[in-house]
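Colleague: Produce the entire structure from the sequences given, and follow the hints as far as they go.
Line order of the protein sequences matches chains D and V.
For the first sequence, the residue numbers in my numbering are 77 to 367.
For the second sequence, the residue numbers in my numbering are 242 to 624.
FYI, nobody ran anything at the bench for these hints, they're computed from the structure.
Every residue, glycine too, gets a C-beta built ideally from N, C-alpha and C.
One or more of the hints may lead you astray.
Said to hold, decoys possible - Selected chain D positions facing chain V (Cβ under 7 Å, derived; list incomplete):
#	residue
1	Arg196
2	Val212
3	Ile328
4	Ser332
Claimed, not checked - Distance condition first, Cα-Cα at most 30 Å in a straight line; then the derived DSSO-like pairs of lysine-lysine:
#	chain 1	residue 1	chain 2	residue 2
5	V	Lys613	D	Lys134
6	D	Lys134	V	Lys539
7	V	Lys582	V	Lys530
8	V	Lys307	V	Lys336
9	V	Lys407	V	Lys532
10	D	Lys134	V	Lys541
11	V	Lys491	V	Lys299
12	V	Lys440	V	Lys624
13	V	Lys315	V	Lys532
14	V	Lys530	V	Lys607
15	V	Lys409	V	Lys432
16	V	Lys452	D	Lys134
The primary structure of each chain is shown beneath.
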Amino acid sequence: MDALLQLLVNGVALGSVYSLVALGFIIVYSATSVVNFAAGQFVMLSAFFGVMTILNLKLAPALAYPLAIAGMAVFGVIFYVAIHLPLQKRPVVSVIIGTVAAGIVMQNAALLIWGPLPSRIPSLFGDANVSIGSSVVTVHALATIGITLVLIVLLYLLLYRTSAGRAMRAIAQDVEAARMMGLPVTLWLGFAWILAAVFSAFAGLLVAPMWFADVNMGDPIALKAFAATVIGGFGSVPGAIAGGLLVGLVEILGASYISSTYKDLLSFGFMILFLLVRPQGIFGERISERG
Amino acid sequence: MKNLTLNLRAGLTKAAIGSLLVTACAAVSAQQTITVGATVPITGPLSLTGTQYFNSLKLAEEDINKAGGIKGAKIAIVIEDAQASNSTMINAFIKVVQERKPPFVFLTSYSTQNIAVAPEVMKAAIPVMYAGGANAVADLNNKWMFRIRPQDSTAATAMARYVKDKLKASKPGIIYIQNDFGQGGANAAAKLLEEQGAKPVGSESYGQNDKDMSAQLLNLKNKGADVIIAFVYPLDAALLLRQMKTLGLKQPMMISSGGLVPATIQLLSPSDLENVWGVTDAFLAGTPKGKDFLERYKAKFGSDVDPYGAAYYDGARLMAQAMSAVGTEPNALQAYLSKVKDFQGVAHVYSFDDKRNGVHDVAVVKFRPGTKDMEFIETITVK
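Modeller: What follows is the structure, given as structure tokens:
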């Protein structure tokens, strides 16, 4: 039972990271219909922004973390202006390919700048553990879950309690209608990219103390987050959260109780099952039902 | 008109002499440079160790040329990026062989890639040196392939022996990276331990890109493992050691050489290395040659070298010795290398057996409590 508790906490912590990245996918997809295949590299870059501010510049955490997040927000703008805007009149597949290419450039640029050696960012919570019975759970894992919850609540408030959120939802529903209603669509699309980048920043800064900042860390995270998005339902915020948590739990519990060798098979097999049985995901709506 | 003819003749003569001179210079220049190929993971997830032997090969090139080269001819090591997959490795090898026609090539330190490229090596019919550890590579019986570090069964045997005899394990657990190296090492260790009456209680694996091994570690703990033997690569080794501590696991861990390289150690705290033993290819700080190499590498590249890097340096020096003795004809080089005994390198003494494995011993190390300093425990030789 104690081992189960440890596994559940680790699974939810892992799932929280996938949820954050999946939310980045959803925010961009909902606003622009673009699947951002550079999402994993956004997480990687965020981790290295943390390396710069925390390890290289040795700034106090109160400054280092906000600076790293702000840096990613700026990067989101740059990405929007340099990749999305020039391609937005092209077929959507061109934009998607653009994100793939941008991801490769980001990864190799990171390798040139920071080199192949991984870096370890110390956790804000140190190596503190919490003992529950004979199981041990890290404070960092609990904090990851807590911070993800707070971000989800803030996102909900933004989308459903503010005029900014109303504008974003209007654009997600019908961009042309939103434009005709006088909404500054270009600005709001840019804001969507900034928001996705900020969510990636949190994912990167939370995951780096657990997994180290490494130029190759982005792709495996993005793949699992993509699976989470498919399971939860493309375009659905609750879906991204549920999908992320499910993937994290399937991965950890599957490795423990079924097979550690085939745990990736379990996670992606689960995704394929959803594609076959319920392709719109848990919370997604069928395309024919979108108005 | 006569003057014009004379001038034209003089001009053509000068041009002919000039061309001959240029051609002769080019020929002399070509003879003075021997191109050697190397396929190294410079980008991708394997670049962590790839950078080590990229640097070592460049250092070896410099040292060989400073010492006069190969009978006056300089060597130039041309490096192609092998990246992380078998297909990119094969492409890199084919490219370097077809474009540069080298008499010798260095392959990567990854068994999966070594096995994948073996048919192309056979086609190219030139000697190669590799540092992948899986026994399966030597079992291909490819006469052109020479291994310059201990094979995995040597390391696995040493790990199993030490765990049973010195750490007194009766219920060992095994965790390994899911590939030829990890699976080979795990199987060899499990077999030996079972023969010695200490059958492993569990064997868990993880993928190369996995970051969370808590499920696997907890499984071994719950099965009652009293020592954990790990077959790892550098980054996952660091993750594993950290997660052992954060999960509160107190079992001693015996870790393979990938977990002892500087790239791993720099990610860990002294507390992460408590109760950790390891089997490393070579304890470089333990010999004068090894120490000198450590210092020179650090002075040139600003980072610490690991035994993989040292092995490639030794391989390059051995290759140069072979070429100085018999020239660059591939069959002559192959025959020379097959008979090498007691070549003293910075990392090992090399003697190739009938399967062209050059190293037959490993060093057991432990970390001084409260520090990240490795201390030498003993050498284990496996014939």
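Colleague: Could you run down the list of hints and mark each one as holding or not?
Modeller: Evaluated hints:
no.	hint	in the structure
1	Arg196	holds (5 Å)
2	Val212	holds (4 Å)
3	Ile328	holds (5 Å)
4	Ser332	holds (4 Å)
5	V:Lys613 / D:Lys134	holds (23 Å)
6	D:Lys134 / V:Lys539	holds (25 Å)
7	V:Lys582 / V:Lys530	holds (18 Å)
8	V:Lys307 / V:Lys336	holds (28 Å)
9	V:Lys407 / V:Lys532	holds (28 Å)
10	D:Lys134 / V:Lys541	holds (27 Å)
11	V:Lys491 / V:Lys299	violated (42 Å)
12	V:Lys440 / V:Lys624	holds (23 Å)
13	V:Lys315 / V:Lys532	holds (27 Å)
14	V:Lys530 / V:Lys607	holds (22 Å)
15	V:Lys409 / V:Lys432	holds (17 Å)
16	V:Lys452 / D:Lys134	holds (26 Å)
Hint check: a violation occurs at hint 11 only; the rest are consistent with the structure.
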